[in-house]
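Student: Residues per chain are reported as follows:
2 protein chains.
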Amino acid sequence: MVFVVVRGKGFTIQCVVTTEGEGVSRQMVKFVAGLNRESIVDAIPVVSVPDPKNPIKGTTQQVELHVRKLYCVSKAMPTLPINVEDASRSDAEIEAALQRGVQLPRVNQDTRLNFRVIDIRTRANQGIFRIQSQVGTIFRQFLLSEDFDEIPTPKLTPGSSEGGSAVFKLDYKGQPACLAQSPQLYKQMAICGEKDRVFVIGPVFRAEDSYTHRHLCEFTGLDVEMEIKKHYSEVMDIVDRLFVTIFDVLNGRCQKELEAIGSQYPFKPLKYKPKTLRLTFEEGVQMLKDAGVEVDPLGDLSTEAERKLGQLVLGKYDTEFYILHRYPLAARPFYTMPCYDNALYSNSFDVFIRGEEIISGGQRIHEPELLIERCQACGVDVNTISYYIDSFK
Amino acid sequence: MVFVVVRGKGFTIQCVVTTEGEGVSRQMVKFVAGLNRESIVDAIPVVSVPDPKNPIKGTTQQVELHVRKLYCVSKAMPTLPINVEDASRSDAEIEAALQRGVQLPRVNQDTRLNFRVIDIRTRANQGIFRIQSQVGTIFRQFLLSEDFDEIPTPKLTPGSSEGGSAVFKLDYKGQPACLAQSPQLYKQMAICGEKDRVFVIGPVFRAEDSYTHRHLCEFTGLDVEMEIKKHYSEVMDIVDRLFVTIFDVLNGRCQKELEAIGSQYPFKPLKYKPKTLRLTFEEGVQMLKDAGVEVDPLGDLSTEAERKLGQLVLGKYDTEFYILHRYPLAARPFYTMPCYDNALYSNSFDVFIRGEEIISGGQRIHEPELLIERCQACGVDVNTISYYIDSFK
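Those sequence lines, one after another, are chains A and B. In terms of the working numbering, the first sequence has 168 at position 155, counting the first letter as 1, and numbering is strictly consecutive. In terms of the working numbering, the second sequence has 44 at position 31, counting the first letter as 1, and numbering is strictly consecutive.
Where hints are given, some of them may not hold.
The list makes no distinction among identical chains, and a pair is therefore deemed to hold if it is satisfied within one copy or across any two copies.
Here are the simulated EDC-like pairs of lysine to aspartate or glutamate, each with C-alpha atoms no more than 20 Å apart in a straight line [what the hints assert, rightly or not]:
#  : residue 1 : residue 2
1  : Lys88     : Asp55
2  : Lys281    : Asp123
3  : Lys88     : Glu386
4  : Lys406    : Glu51
5  : Lys288    : Glu317
6  : Lys182    : Glu231
7  : Lys269    : Asp209
8  : Lys182    : Glu51
9  : Lys406    : Glu98
10 : Lys182    : Glu221
11 : Lys406    : Asp99
12 : Lys302    : Glu382
13 : Lys186    : Glu221
14 : Lys329    : Glu295
15 : Lys88     : Glu51
16 : Lys243    : Asp64
17 : Lys88     : Asp403
18 : Lys182    : Asp403
19 : Lys329    : Glu319
20 : Lys182    : Asp104
21 : Lys286    : Asp250
22 : Lys288    : Glu159
23 : Lys43     : Asp236
24 : Lys284    : Asp250
Read the hints as simulated data drawn from the structure, not as lab findings.
Produce the complete structure using the sequences and hints provided.
Tutor: Pasting the structure below:
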């Protein structure tokens, strides 16, 4: 029995060539048997109803394709470094086979990355690519419909560092340059330049050593910047509707892809509300305290405290997606606007999915004097960011 | 007389405060007179019909806004490095004033770039940003509607060079790395990985010295890759419809922005056809020959020859946008598929706007043996791109 994969317009057919018969010569069966896996063929089949007296083992289809002519368009190597079937297997399948005494091959991450062209053929990886494309598309369509403009920002920036943390340095025709860690300052300057609402989708670079499972040296950043009319809650309103839209549309449009990913890497649907839960930092600290977890009420939350709070929120509010806002000023960068009613807190927020922070946001200080004051309080050298401070003048 | 700019939801109002009167105190006029240009204010006006007996000089509006209360939200510097009015002036205006003996300030490119935050407030620059955003949006929407997926490709790539030409080199944790000059190889590998149609929008980097007016070290590349069913003309069909859609939608959606740009930098509307003209390289060479321009029929066209051909095409076909295809094999990169009927030519094309090449495309060789043969013929070291050749096996 030989399996060949026939490429078509977005679908894959498995042909089972079993015997010679009407229109199928012994020669053709031999030819097909000699084809290597992952070869590309053009097949000309006849659609027919299966003979109930002579069922093909393992098939449950209501129609069969009887191949009459078959051409090999591109021949693959006799032995491929990895097989798509092996790369598609879930851990559960491998474990179950092991219980039956069968050792199935497991494809490790290194091997996958070395033969990425084959690895991305798995249904799960095809689904991941598709969903990644859709997340960008929905993000963009939502913001365009809310009167945001997409802007390009420089990735090559002058100087040896952007703000002190680890950057990739390079030589720009004899001058020091580095790769941008975020489009933040450029976004803000666009707002100064009378673009009311902008967003940036593009690569950002972090030359940090990888200590967490969320770390990447290069990733696609989705950045939003907007003019606030009255209050920073306007930004949370946008974030709320934006993410609920992304979740809703993905659930509607990508059911097939979500299933493909889930069958290899099982996961449960995300619990979220049509109107996203908002808690103040003080409320979050109180929930942790009530559960016996002591945290600094004017400091940042540790990763463990964030996870714990995620569990508490899920238990109390039945959601895995929420916004925590009004962070302590001391826990935020120098450019964050203090709260008008209490300068120990700030006009800022983080957004969490399953206890992991996925977005940070806040109102920026737009008054040069206050910005200089906060720089000094936070130990930031005013001279290195004079162009940024000047832009607010 | 004092002008203040009032920021509103996407519009700008010029208030002319002339005299005290009903609801306007001497104190308020003094306060407004003391505000610097580009300050941000909240104004609470009353809408009224102008008094025909007492018209405000220079206004032709049918309504007036009488400011009753005015708060300064953010005060600008007393003297700004450049004024938006100066930065908005066309060369023609400056020339016309000079004829009248008035020397108006001209803002040079260096000054604009040094004070970009103010420079991007000109109507022309606002229009350029908007159109840039729209080009990306239309490009993307068209391709998504044609079943393309957007994919991210790495910008940080291993090794010291991608293909020999000038790249930005950097140190990746002790290993040599460089910035990607194009997403081409990744796009192709995505196609090998069963994504039928993909596109990439993102920064590309070229460490070349700038000798032409089209050169940039960093720019946004719009890249498309698709599976061909039968013939490379399928790609030209997509390019044709894609660009005609971009032109049509820009003309419909961005009339205001095109006018704003044109009033500072005059230009004529682009001449293009609903169905884009296609000429073979041989036909182009013949047109040049008929006009007395001799070119190598199996070599590449020089920049001057391309411009000349653009003029000839405009004269004969009344279009400034066309596709030239079936280029000589010797003029294209090693990975370009030769024509089946004549191996001196190739399955490739360039697209021209006003005599300038804006796109290059072609069918890639997918057979490893032919690819190795072409590498050797073009003097490319097979070992340096083995991962690429292997992906076709």
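Student: Evaluate each hint against the coordinates.
Tutor: Each hint, compared with the structure:
Taking identical chains as interchangeable, the C-alpha atoms of Lys88 and Asp55 lie at most 20 Å apart only when both belong to the same chain, with a minimum of 12 Å there against 71 Å between chains. In the homo-oligomer, the alpha carbons of Lys281 and Asp123 never lie at most 20 Å apart, since the shortest distance is 27 Å inside one protomer and 55 Å across protomers. Taking identical chains as interchangeable, the C-alpha atoms of Lys88 and Glu386 lie at most 20 Å apart only when they sit on different chains, with a minimum of 17 Å there against 68 Å within one chain. For a Cα distance limit of 20 Å, the shortest separation of Lys406 from Glu51 across copies, 9 Å, qualifies, whereas the shortest one inside one copy, 62 Å, does not.
Taking the shortest alpha-carbon separations for Lys288 and Glu317, neither the intra-copy value of 26 Å nor the inter-copy value of 61 Å comes in at or below 20 Å. For a Cα distance limit of 20 Å, the shortest separation of Lys182 from Glu231 qualifies both inside one copy, at 14 Å, and across copies, at 16 Å. In this assembly of identical chains, Lys269 and Asp209 lie within 20 Å of each other by CA distance solely across copies; the values are 17 Å between and 38 Å within a copy. In this homomeric assembly, Lys182 and Glu51 never come within 20 Å of each other (Cα to Cα): the closest approach is 42 Å inside a single copy and 37 Å across copies.
Within a single copy, Lys406 and Glu98 get their C-alpha atoms only as close as 61 Å, which misses the 20 Å cut-off; across copies the closest is 18 Å, which meets it. When the C-alpha separation of Lys182 and Glu221 is checked against a cutoff of 20 Å, the pair qualifies both within a copy, at 12 Å, and between copies, at 18 Å. Only between protomers do Lys406 and Asp99 lie at most 20 Å apart by alpha-carbon distance; the minimum there is 19 Å, versus 61 Å within a single protomer. In this assembly of identical chains, the alpha carbons of Lys302 and Glu382 never lie at most 20 Å apart, being 37 Å within a copy and 68 Å across copies at closest.
Proximity of Lys186 and Glu221 under a CA criterion of 20 Å is satisfied inter-copy only: 9 Å between copies versus 25 Å inside one chain copy. In the homo-oligomer, the alpha carbons of Lys329 and Glu295 lie at most 20 Å apart inside one protomer (16 Å), although the nearest pairing across protomers, at 74 Å, exceeds that limit. Taking CA atoms no more than 20 Å apart as the test, Lys88 paired with Glu51 passes inside one copy only; the shortest distance there is 8 Å, against 67 Å between copies. Taking identical chains as interchangeable, the C-alpha atoms of Lys243 and Asp64 are never at most 20 Å apart, the minima being 73 Å within one chain and 35 Å between chains.
Only between protomers do Lys88 and Asp403 lie at most 20 Å apart by alpha-carbon distance; the minimum there is 13 Å, versus 63 Å within a single protomer. Taking the closest pair of Cα atoms, Lys182 and Asp403 never come within 20 Å of each other, the shortest separation being 26 Å inside a single copy and 32 Å across copies. For the identical chains of this complex, Lys329 and Glu319 are intra-copy neighbours only, at 15 Å inside a copy versus 69 Å across copies, given an alpha-carbon limit of 20 Å. Proximity of Lys182 and Asp104 under a CA criterion of 20 Å is satisfied in neither setting, with 40 Å inside one chain copy and 40 Å between copies.
Taking the closest pair of Cα atoms, Lys286 and Asp250 come within 20 Å of each other only inside a single copy of the chain (14 Å); across copies the shortest separation is 45 Å, beyond that limit. With identical chains, the CA atoms of Lys288 and Glu159 are at most 20 Å apart within one copy only, with a shortest distance of 18 Å there and 34 Å across copies. For the homomeric pair Lys43 and Asp236, neither the shortest alpha-carbon distance inside one copy (57 Å) nor that between copies (42 Å) is at most 20 Å. Taking CA atoms no more than 20 Å apart as the test, Lys284 paired with Asp250 passes inside one copy only; the shortest distance there is 19 Å, against 44 Å between copies.
Consistency with the previously given hints fails for numbers 2, 5, 8, 12, 16, 18, 20 and 23, ordered from lowest to highest.
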